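Produce the entire structure from the sequences given, and follow the hints as far as they go.
Chains as they are written, first to last, in the numbering used here: chain A, 18 to 336; chain B, 4 to 291.
By construction, these hints were calculated from the structure, which means they are not laboratory data.
What you are looking at is a predicted structure, and each value in this text was computed from that prediction instead of being measured.
Note that CB positions come from ideal geometry on N, CA and C, so glycine has one too.
Be aware that one or more of the hints could be misleading.
Some chain A residues close to chain B (C-beta under 8 Å, calculated; not the full set) [unchecked claim]:
| # | residue |
| --- | --- |
| 1 | Q139 |
| 2 | I141 |
| 3 | A306 |
| 4 | Y322 |
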Amino acid sequence: MQNCNKGGKKVRYDSNIDRKRYKKFILVSTIPVVSFYVIFMIYPILQTLYYSLFRWSGFSRDMEYIGLRNYNQLMTDSMFLSTVWNSFKYVIFGAIIIITITLLFTYVISNYKSKKLKDLVQMILFVPNTISPVALALLWGFILNTRWGLLNGLLGRLGLDFLQRGWLGDQYIFGAALSLLVWIHVGFFIIMYVAAADRIPPSLYESAQIDGASSWKQFTKITVPLMKDVIETSMVLWTIFSFKIFGYLYVFGAGGAGADAPVAVRNISVQLFLTAFGKRTPINRLAYASAMAIVLLILVAILVYVIRKLIMSGEAIEY
Amino acid sequence: MNIKGGRQIMEFKFSEIPKYLINLFLILWIGFTVFMFLWLIVSSFKSTREIYMGVWTLPKTFGFDNYIRVLTDFGLLRFMLNSLIVVTVSTFLVLVLSAPIAYTLSKLRFPGSSYISMSFIIGIGIPIQTIFIPLYIMISKISLTDSLVGLTILYTVTSLPFTIYLLMGFFKTIPSTLEDAARIDGATATQSFIKIMLPMARSGIISAGIFVFVMLWKEFLLALVFISTESYSTISLGLYSLITKLTYTGDWGGLFAGVVLVILPSILFYGILARKFIAGLTVGIGKG
Chain A
18 MQNCNKGGKK
28 VRYDSNIDRK
38 RYKKFILVST
48 IPVVSFYVIF
58 MIYPILQTLY
68 YSLFRWSGFS
78 RDMEYIGLRN
88 YNQLMTDSMF
98 LSTVWNSFKY
108 VIFGAIIIIT
118 ITLLFTYVIS
128 NYKSKKLKDL
138 VQMILFVPNT
148 ISPVALALLW
158 GFILNTRWGL
168 LNGLLGRLGL
178 DFLQRGWLGD
188 QYIFGAALSL
198 LVWIHVGFFI
208 IMYVAAADRI
218 PPSLYESAQI
228 DGASSWKQFT
238 KITVPLMKDV
248 IETSMVLWTI
258 FSFKIFGYLY
268 VFGAGGAGAD
278 APVAVRNISV
288 QLFLTAFGKR
298 TPINRLAYAS
308 AMAIVLLILV
318 AILVYVIRKL
328 IMSGEAIEY
Chain B
4 MNIKGGRQIM
14 EFKFSEIPKY
24 LINLFLILWI
34 GFTVFMFLWL
44 IVSSFKSTRE
54 IYMGVWTLPK
64 TFGFDNYIRV
74 LTDFGLLRFM
84 LNSLIVVTVS
94 TFLVLVLSAP
104 IAYTLSKLRF
114 PGSSYISMSF
124 IIGIGIPIQT
134 IFIPLYIMIS
144 KISLTDSLVG
154 LTILYTVTSL
164 PFTIYLLMGF
174 FKTIPSTLED
184 AARIDGATAT
194 QSFIKIMLPM
204 ARSGIISAGI
214 FVFVMLWKEF
224 LLALVFISTE
234 SYSTISLGLY
244 SLITKLTYTG
254 DWGGLFAGVV
264 LVILPSILFY
274 GILARKFIAG
284 LTVGIGKG
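In C-alpha cells:
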C-alpha cells in the first residue's frame with residue numbers, strides 16, 4: 018500500500034486557518050460513518066470472539082464460560098475439519114484454474130485491436146457476477162443433472178455416452194461446484210487483468226517486435242512479469258472470496274426440498290451458517306459457530322499474509 | 004507491423020498457434036455463457052411436460068402462463084418489490100454516506116486519516132459470516148429482524164467499505180487545481196465538495212451506485228439469516244423458497260420463469276451501464 022497516494026495529488030493544509038475552515042466538514046463526513054462502521058462491523062468481530070469462549074445456544078441467559086473448549090472441540094469435529102479441507106481445495110484449485118484461464122484470456126483479449134470488441138467480450142464474461150447466486154446455482158444444477166441435464170443430454174447426442182456421469186454424485190460434485198465458481202470468477206478477474214495489461218506502455222514491446230518475437234512470447238516474457246502485482250492482488254481477493262462464498266454452494270448442493278448442502282461441497286462458511294442458523298440443527302449453537310467464525314477469520318488473515326510475503330518478496334514494479 | 008493492416012490478421016503463422024487455440028476456447032466460453040441465458044429464456048416459456056420431453060426443443064407456444072403463475076401464485080412480484088425498496092434505499096444511503104468521507108479521506112487528509120482509509124480496506128475483506136451472529140443478536144434486541152428496515156441498515160453498513168474504497172479511487176483521479184483555486188477564494192470544504200467535486204465525480208458516483216445496486220439485488224446470505232417471514236423476502240430469498248417449493252412439484256417451467264425474472268433486472272441494468280460499471284471496478288488498479 019506504500020504507493021497508495023501516487024495517483025492523485027495530495028493537498029497539504031499547512032496553514033491553521035485552512036484546517037479550521039475544513040474541520041467541520043471533516044468531522045461531519047467522518048464521524049457518523051466511522052461510528053456505524055465500528056458499531057456494525059468491527060465491534061461484532063470482538064463480540065464473536067467473546068461468544069466463542071462460552072457454552073451458549075443463543076437467546077438464553079444461560080452462558081457458561083468454557084475458555085478454549087469450543088476450539089478444542091472444533092479440532093476433533095470431523096465434519097468441520099472436512100469443510101476446512103474443502104475450503105483449502107477451493108482456494109488452491111480455484112486459484113490455479115482461474116488465474117491460468119484468466120491469463121490466457123487476457124493474452125487474446127489484450128491483443129484485440131478493436132476497443133468495442135474488447136469491451137463487449139469483457140462485458141459478457143462479467144455477466145455471471147451480476148446475477149443472484151441462487152439463480153446460478155439452480156441453473157448449474159440443471160445443466161449437470163444426471164437424468165435430464167444439458168451436459169449429459171449433449172454428450173448423448175454427440176454419441177459420447179461413455180462420458181456421461183452422475184455429475185452431482187459424491188465423486189464429482191466438488192468439481193461441479195468448483196466449475197461454477199471458475200465460470201463466475203474468471204469473468205471478475207479478467208476485468209482487472211485486461212486493465213493492467215492495457216496499462217503497460219507499448220514502447221516496452223518495441224524491441225521484441227523488431228526481433229520478430231511471437232505475440233505469445235511477448236505476452237509470457239513481457240506482459241505477465243509486469244502484471245505481477247495484479248496477479249498477487251487477484252490471489253488475495255480469491256482467497257477472501259473463496260472462504261466467504263456461501264450462496265452458490267449452499268444452494269447448489271442443496272438440491273431443493275430443503276435438504277442441506279452435501280458435505281462434499283461445503284466450505285467453512287456453509288458449515289458455519291448451518292451450525293448457527295440451520296433448520297436441521299436442534300438447538301442453535303451460536304457460541305460454537307462463533308468459534309468457527311474466528312477460525313475462518315484467522316485462516317483468511319494467515320493466507321493473505323503468506324501470499325503477500327511469498328509472492329511479493331520482490332521489489333515493486335516501476336514502468 | 005501494422006503497415007500491412009488488415010491482411011496481417013488473416014495470415015496464418017505457426018508461431019501464433021497459441022493465439023488461435025485460446026481464441027477458440029474464449030469463443031466457446033462466451034458462446035456457452037450466451038447460450039445458457041438464451042436457453043433459459045426459451046425454457047421459461049415451456050410447459051413442464053415439454054421440459055421433461057426434451058430440454059433441447061422449442062416450446063410449442065410462447066405463452067406467459069409460467070410467468071403469471073410465479074408472479075402471482077408464488078408471490079414473486081412481492082419479493083421483487085421488497086428487493087426494489089430495500090436495495091434502492093440502501094444504495095441511496097450508501098452513496099450519501101460514502102461520498103463525503105471518500106472525499107475527506109482522499110483530498111483533505113488529516114492526522115489519522117490514512118489509518119481510517121486502511122481500516123475500510125481491511126473491512127472489505129471481513130466475511131459477513133464472522134459478524135452475523137452478534138449482528139443477529141443486536142438486530143433482534145431492537146426488534147428489527149424480519150423487517151425491511153433492519154435489512155436496509157445491514158445492507159447499507161456492509162456496503163460502506165467497498166464503496167468508500169471505490170469512490171476514494173475516483174476522487175484521487177480528479178486534479179486538485181480547481182479545488183485549490185476555490186480554497187484560495189475562501190470557499191469552505193462543503194462548498195468545494197458540493198460545487199466542484201460532486202459534479203466532477205458524477206460518473207464515478209453513478210458507477211459506484213450501479214455497483215452497489217447490482218450487488219445488493221443479488222444478495223442472499225444476509226436475507227437468509229435476517230428474514231424469515233415470506234412477506235418480507237427479497238428476490239434471492241424468494242427464489243430460494245420457490246426452488247424448495249417447486250422441486251417438490253417438479254414445476255421446472257415455473258422455476259425457469261422465476262429465474263428469468265430474477266436475473267432480467269440485473270442483466271438489463273448492467274447491460275445499459277456496463278461500461279461505467281467496468282470503469283468503476285478498474286479505477287483503483289495500479290494505485291495500490
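Against the structure, the hints:
1. Q139: holds, 6 Å
2. I141: Given a least distance of 5 Å, the restraint on I141(A) holds.
3. A306: holds, 6 Å
4. Y322: Constraint on Y322(A) not satisfied, violated at 12 Å.
Hint check: a violation occurs at hint 4 only; the rest are consistent with the structure.
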